[in-house]
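Please build the complex by placing chain B on the supplied structure of chain A, with the hints as guidance.
Sequences listed follow chains A and B, in order.
FYI, the working numbering numbers position 130 of the first sequence as 130, with every residue one higher than the one before it.
FYI, the working numbering numbers position 10 of the second sequence as 1010, with every residue one higher than the one before it.
Don't read these hints as lab results, they were simulated from the structure.
Built from N, CA and C at the ideal position, the CB exists for glycine as well.
Treat each hint with caution, since some may be false.
[As the list claims (entries may be wrong)] Examples of chain B residues lying across from chain A (beta carbon under 8 Å, computed):
1) 1023
2) 1024
3) 1033
4) 1037
5) 1040
6) 1060
7) 1065
8) 1170
[Stated by the list, open to error] With a straight-line Cα cutoff of 25 Å, these simulated DMTMM-like cross-link-like pairs (lysine to aspartate or glutamate) come out:
9) B/1084 x A/344
10) B/1159 x B/1169
11) B/1066 x A/344
12) B/1087 x A/343
13) A/354 x A/343
14) A/276 x A/242
15) B/1066 x A/347
16) B/1165 x B/1149
17) B/1057 x B/1149
18) A/3 x B/1156
19) B/1084 x A/46
20) B/1066 x A/338
21) A/4 x B/1099
22) B/1166 x B/1120
23) A/327 x A/248
24) A/3 x A/46
25) B/1080 x A/344
26) A/8 x B/1156
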Amino acid sequence: MTKKVLMKGNEAIAEAAVRGGCRFFFGYPITPQTEIPEYLSWRLFEVGGDFVQAESEVAAINMVYGAGGAGGRAMTSSSSPGISLKQEGISYMAMAEIPAVVVNMVRAGPGLGGIQPAQSDYSQAVKGGGHGDYKLLVYAPATIQEAVNLMYIAWDKAEQYRIPVFILGDGMMGQLMEPIELPPMKQPNDPEKFDWATTGSHYGEGRRIINSLYLKSEECLQQNYRLQAKYREIEKNEVICETIDCDDAEIVLTAYGSVGRICKSALPILRQKGIKVGLIRPTTLFPFATKVFEEVANKPNVKRFLTVELSAGQYNEDVRLAVNGKKPIDLLSRMGGEVMSAEDIVEKVMEVIK
Amino acid sequence: MESKIICAGFGGQGILSLGKFMVYAGMEQNLEVTWLPSYGPEMRGGTANCSVVLSDKPVASPLITKPNILIVMNTPSLDKFESKVEKGGLILVNSDLIERKISRDDVTVKYISANTIALELGSARSANIVMFGAYVKYGGVVSKDTALDALMHQFEGKKGADSIKKAFEAGYNL
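Excised from the complex, chain A in its bound form (with noise of 0.2 Å):
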């Protein structure tokens, strides 16, 4: 076994981004997340790579548009309003097919709203986010190791499905220092081999154009058409999902991202106190693990399930259509930064099954 070492999760993603190829940063600091651009600021130039500091959030997501279109390994990260001043860059990249890496430590919200963390920025980052009929890859890793992992894999899936590919994490995990195993050293792949990006003409071939405008409305329908058979293949092929426990739980947690680790703390609690429980955790939230609900939901064992977030239900919404009205589904939702403990995950689950 490599030996561990100790990282803050900021600083262990931006190592992960480098090691899984990523050459080009384009970013605009705002808190919790600064330790990503930080850390790449230095870090990019020892493996020949780029980093920008750029005037502004929409700037920087356009610079990400240009080296992804030339079919480097770009990415950009912010937190929440960073992320909102982003989405029209997002948008367009979406319908030019450009692969790239954004990353959202969550902040509370709305508006300025606060540094604390939070998941408020759900819908935005699964439901599309900016204008048009739009999805990316949506990556929330529970540990700072598991976004290690994910980083690592993140512009493979990108440049395979020729799409933006989302890490959504949160302020805790961004902060917070735990001992990781970091891979190795992958090399990105060379430009040229792509045949559809940008990398200057070749003598007797066609321009190569990325665009993502098609005023021909019937043209426009085609690419719209090429990209939800696209999401529908990453439905397909790319749910991530952890389950816990659920062949014998009569009441099952479901919850992302940091706040599945604070209900992993809560199982444990709830079992010594006879307390039948189960938990679904997504890594991915596009696609969405829709069938682990259903088959989970479908079983004779669980009676109900709890679904615990840091926003007002915007997960609550997508595991309500999974779970289809097969069993009752209550809700445990802090806002505004703060965090709920294990304790108040027990306490909410002793107060449903009453």
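What follows is chain B alone, placed relative to chain A:
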């Protein structure tokens, strides 16, 4: 075994470092660890705290609401966290900056003149190291040698490493 520790004081007292020393010591002993700082508009003179979990199993939640060990370096921190410590837990109090006594009788309390001891050893700044030594003795799940090794590793090749060791020993031998 799961040890849940909150270190609290004001910015500049080395609170976050104190937590990191515990984490490095825990790693040295092959324990699972997490370190979570309070973050916000904090600065020198403001309040600072961090939550440290040391466990023989993977740490689920790094968030601590009921610590079994509390290390407090100033009065506002004691006021904030005293009631949250689990029954039977341990509170290490920096008695140089905290004049009042603990009002609970269901926890173990050690009063430590961390600043005075550190100052006598030549550096007021190592009050946190004195507290670390006391933590290893009274609340530690890590052996003294392991903790000292991990600590000294952090100061390898740095000036004043010797006084760090003395501050640790002084805290440990209280």
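Evaluation of the provided hints:
With its C-beta approaching chain A no nearer than about 6 Å, residue 1023 of chain B sits inside the 8 Å limit, and its interface hint holds. For the restraint placing residue 1024 of chain B at the interface with chain A, the shortest Cβ-Cβ distance is roughly 7 Å, inside the 8 Å limit, so the hint holds. Taking 8 Å as the C-beta contact cut-off toward chain A, the hint placing residue 1033 of chain B at the interface holds, the least distance being around 6 Å. With 8 Å as the threshold, the beta carbon of residue 1037 of chain B comes within range of chain A, its nearest partner Cβ sitting at about 6 Å, so the hint holds.
For residue 1040 of chain B, the suggested interface contact is upheld, since its CB lies about 6 Å from the closest CB of chain A, less than 8 Å. For the restraint placing residue 1060 of chain B at the interface with chain A, the shortest Cβ-Cβ distance is roughly 4 Å, inside the 8 Å limit, so the hint holds. Given hint, residue 1065 of chain B at the interface with chain A, holds; its Cβ is 4 Å from that chain's nearest Cβ, closer than 8 Å. Interface hint status for residue 1170 of chain B: violated, as the beta-carbon distance to the closest one in chain A is roughly 26 Å, over 8 Å.
Restraint check for residue 1084 of chain B and residue 344 of chain A: the C-alpha separation of about 14 Å stays at or below 25 Å, so the hint holds. Between the alpha carbons of residue 1159 of chain B and residue 1169 of chain B the distance comes to roughly 18 Å, so the proposed pair stays at or under 25 Å and holds. A threshold of 25 Å between alpha carbons decides the hint, and for residue 1066 of chain B with residue 344 of chain A the separation of about 12 Å falls inside it, so the pair holds. Note on residue 1087 of chain B and residue 343 of chain A: the hinted pairing holds, with a Cα-Cα distance of about 16 Å set against a maximum of 25 Å.
Between residue 354 of chain A and residue 343 of chain A the alpha-carbon distance is near 17 Å, which keeps this suggested pair within the 25 Å criterion. A distance of roughly 18 Å separates the Cα atoms of residue 276 of chain A and residue 242 of chain A; the hinted pair therefore holds under the 25 Å criterion. With a CA separation close to 15 Å, the supplied pair residue 1066 of chain B and residue 347 of chain A stays within the 25 Å bound. With a C-alpha separation of about 10 Å, the suggested pairing of residue 1165 of chain B with residue 1149 of chain B holds against the 25 Å cut-off.
Note on residue 1057 of chain B and residue 1149 of chain B: the hinted pairing holds, with a Cα-Cα distance of about 23 Å set against a maximum of 25 Å. With a CA separation close to 19 Å, the supplied pair residue 3 of chain A and residue 1156 of chain B stays within the 25 Å bound. Of the pairs offered as hints, the one joining residue 1084 of chain B and residue 46 of chain A is violated, with about 46 Å between alpha carbons and a cut-off of 25 Å exceeded. Between residue 1066 of chain B and residue 338 of chain A the alpha-carbon distance is near 16 Å, which keeps this suggested pair within the 25 Å criterion.
Proposed proximity of residue 4 of chain A and residue 1099 of chain B is contradicted: the alpha carbons are some 42 Å apart, above 25 Å. For the suggested pair residue 1166 of chain B and residue 1120 of chain B, the alpha carbons sit about 11 Å apart, so the restraint of at most 25 Å is met. Of the supplied pair hints, the one linking residue 327 of chain A and residue 248 of chain A holds, its CA atoms being roughly 15 Å apart against a limit of 25 Å. Between residue 3 of chain A and residue 46 of chain A, the direct Cα distance comes to roughly 22 Å. Compliance with the 25 Å bound is thereby established for this hinted pair.
For the hint linking residue 1080 of chain B to residue 344 of chain A, the alpha-carbon distance of about 19 Å falls within 25 Å, and the restraint holds. Annotation: proposed proximity of residue 8 of chain A to residue 1156 of chain B holds, straight-line Cα distance about 21 Å (limit 25 Å).
The structure fails to meet hints 8, 19, 21 from the earlier list, while all remaining hints are met.
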